[in-house]
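**Student:** In the working numbering, the protein residues as written are 132 to 220.
Take the hints with a grain of salt, since some may be wrong.
[Said to hold, decoys possible] As a list, the in silico PhoX-like pairs of lysine-lysine whose alpha-carbon atoms are at most 25 Å apart:
no.: 1; residue 1: K179; residue 2: K192
no.: 2; residue 1: K138; residue 2: K179
no.: 3; residue 1: K202; residue 2: K190
no.: 4; residue 1: K154; residue 2: K179
no.: 5; residue 1: K192; residue 2: K202
no.: 6; residue 1: K190; residue 2: K179
no.: 7; residue 1: K157; residue 2: K138
no.: 8; residue 1: K157; residue 2: K179
None of these hints come from the bench; they were simulated from the model.
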Amino acid sequence: MNNFSEKVNFIWSVADLIRDTFKRSKYQDVILPLTVLRRIDCVLQPTKEHVLEVNTRLKGKLENLAPQLCKASGFSFYNTSLYDFDRLL
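Use the sequences and the hints to build the structure in full.
**Tutor:** Spelled out as C-alpha coordinates, the structure:
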(Lines of atoms letter the chains of each structure in order from A and count residues from 1; the text may use other names and numbers.)
(Lines give C-alpha, C1' and ligand atoms only; values in the text may rest on other atoms or scores of the structure.)
Protein backbone atom coordinates (compact mmCIF):
# COMPACT_ATOMS: atom_id res chain seq x y z
CA MET A 1 0.00 0.00 0.00
CA ASN A 2 2.33 2.67 -1.21
CA ASN A 3 0.15 5.10 -3.06
CA PHE A 4 -2.80 7.16 -1.97
CA SER A 5 -5.44 5.44 -4.10
CA GLU A 6 -4.45 2.00 -2.75
CA LYS A 7 -4.92 3.29 0.79
CA VAL A 8 -8.27 4.84 -0.05
CA ASN A 9 -9.44 1.61 -1.67
CA PHE A 10 -8.29 -0.36 1.37
CA ILE A 11 -10.19 1.93 3.74
CA TRP A 12 -13.35 1.62 1.66
CA SER A 13 -12.99 -2.16 1.56
CA VAL A 14 -12.81 -2.21 5.37
CA ALA A 15 -15.86 0.04 5.53
CA ASP A 16 -17.68 -2.40 3.26
CA LEU A 17 -16.74 -5.28 5.57
CA ILE A 18 -18.10 -3.62 8.70
CA ARG A 19 -21.17 -2.16 7.01
CA ASP A 20 -23.38 -5.16 7.78
CA THR A 21 -21.64 -6.01 11.06
CA PHE A 22 -22.06 -2.65 12.79
CA LYS A 23 -24.82 -0.09 12.65
CA ARG A 24 -23.72 3.14 11.02
CA SER A 25 -24.13 4.97 14.34
CA LYS A 26 -21.66 2.53 15.94
CA TYR A 27 -18.85 2.97 13.39
CA GLN A 28 -17.10 5.42 15.70
CA ASP A 29 -17.00 2.72 18.39
CA VAL A 30 -14.84 0.66 16.05
CA ILE A 31 -13.02 3.17 13.87
CA LEU A 32 -11.89 5.60 16.58
CA PRO A 33 -10.18 3.00 18.83
CA LEU A 34 -8.49 1.39 15.83
CA THR A 35 -7.34 4.79 14.60
CA VAL A 36 -5.82 5.54 18.00
CA LEU A 37 -4.12 2.12 18.10
CA ARG A 38 -2.75 2.64 14.59
CA ARG A 39 -1.41 6.06 15.54
CA ILE A 40 0.33 4.61 18.61
CA ASP A 41 1.75 1.85 16.43
CA CYS A 42 3.15 4.46 14.01
CA VAL A 43 4.66 6.51 16.84
CA LEU A 44 6.39 3.46 18.32
CA GLN A 45 7.61 2.06 14.99
CA PRO A 46 11.03 3.80 14.89
CA THR A 47 12.05 2.34 18.27
CA LYS A 48 10.25 -1.01 18.00
CA GLU A 49 13.35 -3.14 17.36
CA HIS A 50 15.31 -1.42 20.13
CA VAL A 51 12.48 -1.98 22.63
CA LEU A 52 12.30 -5.66 21.67
CA GLU A 53 16.08 -5.99 22.08
CA VAL A 54 16.02 -4.33 25.52
CA ASN A 55 13.10 -6.53 26.56
CA THR A 56 14.89 -9.70 25.46
CA ARG A 57 18.16 -8.66 27.10
CA LEU A 58 16.67 -7.63 30.47
CA LYS A 59 13.78 -10.08 30.81
CA GLY A 60 14.30 -12.15 33.95
CA LYS A 61 17.11 -9.88 35.17
CA LEU A 62 14.98 -7.02 36.45
CA GLU A 63 11.74 -7.21 38.36
CA ASN A 64 10.31 -4.06 36.76
CA LEU A 65 11.25 -3.60 33.11
CA ALA A 66 8.85 -0.71 32.49
CA PRO A 67 11.30 2.17 33.16
CA GLN A 68 13.91 0.66 30.85
CA LEU A 69 11.37 -0.09 28.13
CA CYS A 70 9.92 3.43 28.34
CA LYS A 71 13.43 4.82 28.05
CA ALA A 72 14.05 2.61 25.01
CA SER A 73 10.83 3.77 23.33
CA GLY A 74 11.32 7.42 24.26
CA PHE A 75 7.75 7.62 25.55
CA SER A 76 5.84 6.79 28.72
CA PHE A 77 4.50 3.71 26.92
CA TYR A 78 5.96 0.88 24.85
CA ASN A 79 4.98 -2.28 22.98
CA THR A 80 6.77 -5.59 23.40
CA SER A 81 4.43 -7.54 21.16
CA LEU A 82 5.95 -9.00 18.02
CA TYR A 83 2.81 -7.91 16.20
CA ASP A 84 2.18 -4.52 14.68
CA PHE A 85 -0.31 -3.26 12.12
CA ASP A 86 2.04 -3.91 9.20
CA ARG A 87 2.40 -7.56 10.16
CA LEU A 88 -1.31 -7.98 10.84
CA LEU A 89 -2.35 -6.58 7.48
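**Student:** Next step is simple, just say for each hint if it's right about the structure.
**Tutor:** Going through the hints against the structure:
1. K179 - K192: Distance ~21 Å between K179 and K192 Cα, so the pair holds.
2. K138 - K179: Status holds; Cα separation ~23 Å.
3. K202 - K190: Distance of about 15 Å is within 25 Å: holds.
4. K154 - K179: 35 Å, violated
5. K192 - K202: 17 Å, holds
6. K190 - K179: Holds - the C-alpha atoms of K179 and K190 are around 16 Å apart, at most 25 Å.
7. K157 - K138: 23 Å, holds
8. K157 - K179: Distance ~32 Å between K157 and K179 Cα, so the pair is violated.
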